[in-house]
Structures are given as C-alpha cells and as structure tokens.
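Q: Construct all of the structure, not just a fragment, from the sequences and the given hints.
Residue numbers for the sequence shown follow my numbering, beginning at 5 and rising by one.
No lab work stands behind these hints: they were computed from the structure. Be a bit skeptical, because a hint or two may be false.
Said to hold, decoys possible - Straight-line Cα separation of at most 27 Å, DSSO-like style, residue types lysine-lysine; simulated pairs: (1) LYS337 - LYS322; (2) LYS269 - LYS329; (3) LYS210 - LYS322; (4) LYS337 - LYS234.
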Amino acid sequence: MYTAYTRVSEIYEAQLKDIANAKRSIFLEQYILESLEEGEIGRQYVDLLIQKAKEGVHVECILDAQGAFSLYMSSKLFKELTAAGCNIFFYKTLGTTHLINPVRLILRDHRKFLIIDDEITWIGGAVIGERFMNWKDFMMRFTDPTIANVSSKEFRNQVLRLQDKLSLLAPLETISSEHHLSGNAPGIGNRFCYEEITHAIMRAQKSVVMVTPYFAPPFKLERVLRRRLKTGLSITLITPAVSDKWIANIVRERFFDTFLRRGLKVQYVPGMLHAKIVLVDDEWVTFGSTNLDPLSLIFNHELNMVSTNAEVLSEVRKAISFYLKGARLHTAKDCTYRSYGFFTRCLASVIRYLV
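A: This is how it looks when you write it as structure tokens:
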C-alpha cells in the first residue's frame, strides 16, 4: 500500500509504468519537466500522456512555466498535447509583468504530484529531466483510493487557484487519523506546512531528523531550532556534501557556523540528495516538495504528506538509512564560513532568501 522510492531513475520507471497502465484519469503536477528531445525522459512522459489521452484517458497537467520552460516555449509539443485532449495549465506564465516586478519570478509552483485513476498517488520531491537521473530523492507511492480521492480534489482545487476561482489556500482536507496533506502558498496565512514543521519540532521529545538538499531556515524556524538545540534535543540534518546550487552551499555555512557549535549533527551525503523529509520522534513525518529554505517555506506553492502511519514511518526510516550509506559527519571545525571574506559573508546574508 505504501512504497518509498529513493533513486530518481527508479521513480521515473515506476511512474511511467503507472501512467501506461492508467484507464480513467491522470493528474500530473510538476515543477520541472525538461529533456524533451526524442528518447529523453521528459519526452517519454509527454509522449505517454499524449498516447493515453488519445486512448480516452482524462489527462490534466499543472506545470510551472519557468520549470517547464522548454515545453512552455514549444508550440509544437503543446499543440500535440492539447490536440490529443490533454488539459495543460501553466503557473505564472512569463511576460512583461516579470520585467515590471521581478519578484514574481521567485513565486513558483514547486509541487510534485501524480494521481492515477483515483487509486494511485505519488507525493515527493522528484523533478523530471535527464540531468536528475542519478540523483537520490524521495517519492512515496500510495495505493489507497481514499488518499487518491482527496489528492484528486486537491489537484482540482489547485487548478481553480490558478484560474483565480478559489482563494490561495485553506487547511487541506484530512485523509484519515494517520494521514493528511499539508501545503504552502505565497502570502501570509497560507504557510500551513511551515507552521506544521515548526510546531512538530517544538513538540519533539526525543529527536528530529531533517533531510533537505538546501538548508537556509527562515527566521521562525531558525529560532525554533536554536531553542530546541539549547534544550538538548537531538537534531540531525542529512544533506548533500555538495548540492547542485553553489549559492546554497555558501548560504548553509552561515547557519552551520552557529548550529554546529550548539549541537546540530550534520551528515554529508555523497552525490546529489534532493529528498525533503522531517521525521520527529520516529512517530511523525512529513515529506513532499518542501525544502527547508525561504523559497519553499514562504514564497512557493508546496505540497507535503503528513503521516503517523507505522508502515509509512518504516519506509521513511529505510530511506534515511539508504541516504546515510557513505555519509560523513560535518563538524564545527569543518565549517568554512569564518574563512569567507567580508563580501562573501554579506552575500550569504542577503541571498539567504533566494536559495
């Protein structure tokens, strides 16, 4: 019923298989969809969606105009999709408004969501493209009609939000006593996932494990982490030794300089790790598209699953064990922030909100 995938190549293989087997409906929400040349992974998704739509399957996609820029600019592929019967919605289409107000460029739909036939639901952090093929990530596959039904409603609600027919966000529908969806959206009062993460860390009794590719906690989360480290709570951060964003590597050292001396344990993982997980006391977990940085927690549309289910927690623990293979402890003496020049330190302080 619940299966975790930790290798991006395996995620693609399993998702394409599910899409190929779809009989009634496919709902795909994705931040990055690239690699659209013949034979590439993005094109495999697009071609399969076209094929299924021609077979009579109801296909809808929400894509970020910036993350799926190649498709957004490809009138040929877009026409093929729409001619086959696919409904495509682009978030924040690019235009002159971005020249007038460049801040709009950082407001993205960062959610990764796939629902098949109101039976299968995929939630996690994996994006689609050839360059991500060898990454480690996290996607959970649920074969639960109740979860799929609520997920489909949330997908439809997101379409309405993009059409300005629904307010930005509301507390998402509870699936069961063990599962519920949690989201973020731009604007004060729409940061439900951010609030849940900070409250869960505040309530923690034994331990917190955070898995994220980019670590730049906004002020509220930063204060909570400082406070809990001061109480002696065991907090572990699992992150790639070198992420795909050089600027994020600089910014995180600013936080490590303080947190490592306060007791934060940082495990550096070899290769690119793109998973987003917060595990509290081994009995509460959230995972999905939300990074522990301002873009995700404050500015972007995000979607996470929150669960206390024993089987889900077991899958998460297995994934974390997989990530820790070959990991090395990053200590205070390894922190490079104090060796940065004045300009680099100032840059790290300014761009902490742009990671």
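Q: Evaluate each hint against the coordinates.
A: Against the structure, the hints come out as follows:
1. LYS337 - LYS322: Violated, at about 30 Å.
2. LYS269 - LYS329: 16 Å, holds
3. LYS210 - LYS322: Cα-Cα ~19 Å, so holds.
4. LYS337 - LYS234: 20 Å, holds
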